[in-house]
Amino acid sequence: MSTDTEVPCYKKSALEFKSSSFSAPVLVIHTTELKQIKHQLKEKLAQAPEFFKNSPLVLDLKCCNENGKSLDLEALIKFLHAENLLPIGISEASEEQQSIAIKFHIPIHTVRGAHPDTNKLNSNNIPDNKTGKINTQAINTLENKLISQPVRSGQRIYAKGDLTILSHVSAGAEIMAEGNIHVYGALRGKALAGVQGDTQSRIFCSVLQAELVSIAGHYKTSEDLDKLDLHQATQIYLQDQALIINNL
Amino acid sequence: MARIIVVTSGKGGVGKTTTSAAIAMGLAKKGHKTAVIDFDVGLRNLDLIMGCERRVVYDFVNVINGEASLRQALIKDKRCNQLFILPASQTRDKDALTQEGVGKVLDDLSKEFKYIVCDSPAGIEKGANLAMYFADDAFVVTNPEVSSVRDSDRMLGILASKSRRAEKGEEAIKEYLLLSRYSPKRVKLGEMLSVEDVQDILSLHLLGVIPESKSVLNASNSGTPVILDEESSAGQAYVDVVARYLGEDVPHRFIDEEKKGLFGKLFGRK
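Just so you know, the protein sequences line up as chains A and B, in that order.
With our numbering, letter number 153 in the first sequence gets 153, and the count goes up by one each step, no holes.
With our numbering, letter number 261 in the second sequence gets 261, and the count goes up by one each step, no holes.
Chain A extracted, bound-state conformation:
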């Protein structure tokens, strides 16, 4: 792995897998009426045609699936393609819709942690006409999270700000934060800080026995961590694209 300068590079590799997060506009569908969707979408697109041209898009079908009717997903995808939009994912889809999505090579996303307020997100995603950038300022209000119970194997916790765990994190659990992560017990699961790309975020824990630690997509697995033999309070941070792990 090239994320670390401390571990010598044995072979120069041609590629690497990295975990990273990107933001993409989410299109929340509220109705199954295709005509209505088409009409309103055209209107929206007309407001900022350049911005939406070839824009990636994640479809959220939660609201439209709630009333029991089914949406003609195939027609919708074809329409989006015709409008030069590129659906790159679909969430909250029914089984039937999932198989249609796969047919069109669109990956299925499962919603992690808390479902964001989709309505709010939608309105915030309307581009600022001057800069053409998505106005995400309003979404990034700090939402810290405190967990006082042990995080059990199989549980996933996501914090939009800092994440503080007063107990331990079991092997097989996953904790993620857009900010820092503090674990005041043993960290045995996976911990991913700065998942939205904040390279300044850090991970702190009392005992580091993690399966994986990651900051802004730069990660180390337990194989690398075992060599370090850490049994005391530890911090992990990013410096010049390398994960630095040291005792506190």
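A hint or two may mislead.
Said to hold, decoys possible - Derived lysine-lysine pairs resembling BS3-like cross-links, with alpha carbons at most 30 Å apart:
#, chain 1, residue 1, chain 2, residue 2
1, B, 185, B, 162
2, A, 18, A, 69
3, B, 168, B, 188
4, A, 145, B, 162
5, A, 78, A, 145
6, B, 126, B, 94
7, B, 33, B, 94
8, B, 78, B, 29
9, A, 103, A, 18
10, B, 29, B, 76
11, B, 114, B, 104
12, B, 162, A, 62
13, A, 62, B, 94
14, B, 214, B, 76
15, A, 69, B, 162
16, A, 145, B, 168
17, B, 11, B, 214
18, A, 227, B, 188
19, B, 76, B, 94
20, B, 76, B, 104
21, B, 168, A, 62
22, B, 11, A, 62
23, B, 76, B, 114
24, B, 174, A, 69
25, B, 174, A, 145
26, B, 11, B, 174
27, A, 69, B, 126
28, B, 174, B, 104
29, B, 126, B, 185
30, A, 18, A, 227
31, A, 78, A, 44
32, A, 62, A, 103
33, A, 227, A, 78
Hints listed in this document are in silico derivations from the structure and should not be mistaken for laboratory results.
Fair warning: this is a prediction, and the values are worked out from it, not measured in the lab.
Add chain B to chain A, keeping to what the hints say.
What follows is chain B alone, placed relative to chain A:
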């Protein structure tokens, strides 16, 4: 209102049914009217452990489907008149259980019983989920080995998120640890996780340590809950567990190796 106890573990073969039978009998012997329900539809075992397999006429699924009344399906234990068994169906599968159906049966039982013990099947699928969904207390049965501990940990995560109490935002299910098949000798040899090792991962309220004992198998074979075997260490351990659950202050036993008597020390017998 009854207190609903789920006996669960995630992993199979750790002693859930043995524990369900023992604690149900223990609670009943203390004078509390208790029902024990087998949720393992299709792999029914509780009736064997309780020694009532030849008296099963109607089962849990019949009651859910309205084919029999609760009164018809409940089997009264011959050893203790406060204990009733609701057996599982052997010819159906877990899909025969519905949340509404199970909820209705538990509601009806709650009116009459003080404690309802739900014997959960292994796994984290429908049967196990329904067994724990309505619970007030959870007895997590764990063996001192890594896979069992990991599965229990997973189960605890599910208890914390997918139960009725969690969904309604009520006070969380009370979780208790029961460490079964424990052998202090093997812990000493490093072949088995110690109580501390397990607690390091699970950090739960320890309700009791059940020592590995031949009497458990004998009791199962003869259809007598092991708690009735007062001679055996496992039976005594379950008596302690029930007492602790009911709030009595009973010191823990069977965690350390039994000290050799003076005779043993003098002659170095093993």
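Hints versus structure:
no.: 1; hint: B/185 x B/162; in the structure: 38 Å, violated
no.: 2; hint: A/18 x A/69; in the structure: 39 Å, violated
no.: 3; hint: B/168 x B/188; in the structure: 45 Å, violated
no.: 4; hint: A/145 x B/162; in the structure: 20 Å, holds
no.: 5; hint: A/78 x A/145; in the structure: 41 Å, violated
no.: 6; hint: B/126 x B/94; in the structure: 6 Å, holds
no.: 7; hint: B/33 x B/94; in the structure: 27 Å, holds
no.: 8; hint: B/78 x B/29; in the structure: 12 Å, holds
no.: 9; hint: A/103 x A/18; in the structure: 26 Å, holds
no.: 10; hint: B/29 x B/76; in the structure: 13 Å, holds
no.: 11; hint: B/114 x B/104; in the structure: 17 Å, holds
no.: 12; hint: B/162 x A/62; in the structure: 20 Å, holds
no.: 13; hint: A/62 x B/94; in the structure: 29 Å, holds
no.: 14; hint: B/214 x B/76; in the structure: 27 Å, holds
no.: 15; hint: A/69 x B/162; in the structure: 27 Å, holds
no.: 16; hint: A/145 x B/168; in the structure: 21 Å, holds
no.: 17; hint: B/11 x B/214; in the structure: 21 Å, holds
no.: 18; hint: A/227 x B/188; in the structure: 28 Å, holds
no.: 19; hint: B/76 x B/94; in the structure: 25 Å, holds
no.: 20; hint: B/76 x B/104; in the structure: 21 Å, holds
no.: 21; hint: B/168 x A/62; in the structure: 22 Å, holds
no.: 22; hint: B/11 x A/62; in the structure: 34 Å, violated
no.: 23; hint: B/76 x B/114; in the structure: 15 Å, holds
no.: 24; hint: B/174 x A/69; in the structure: 40 Å, violated
no.: 25; hint: B/174 x A/145; in the structure: 23 Å, holds
no.: 26; hint: B/11 x B/174; in the structure: 20 Å, holds
no.: 27; hint: A/69 x B/126; in the structure: 27 Å, holds
no.: 28; hint: B/174 x B/104; in the structure: 22 Å, holds
no.: 29; hint: B/126 x B/185; in the structure: 38 Å, violated
no.: 30; hint: A/18 x A/227; in the structure: 21 Å, holds
no.: 31; hint: A/78 x A/44; in the structure: 18 Å, holds
no.: 32; hint: A/62 x A/103; in the structure: 20 Å, holds
no.: 33; hint: A/227 x A/78; in the structure: 52 Å, violated
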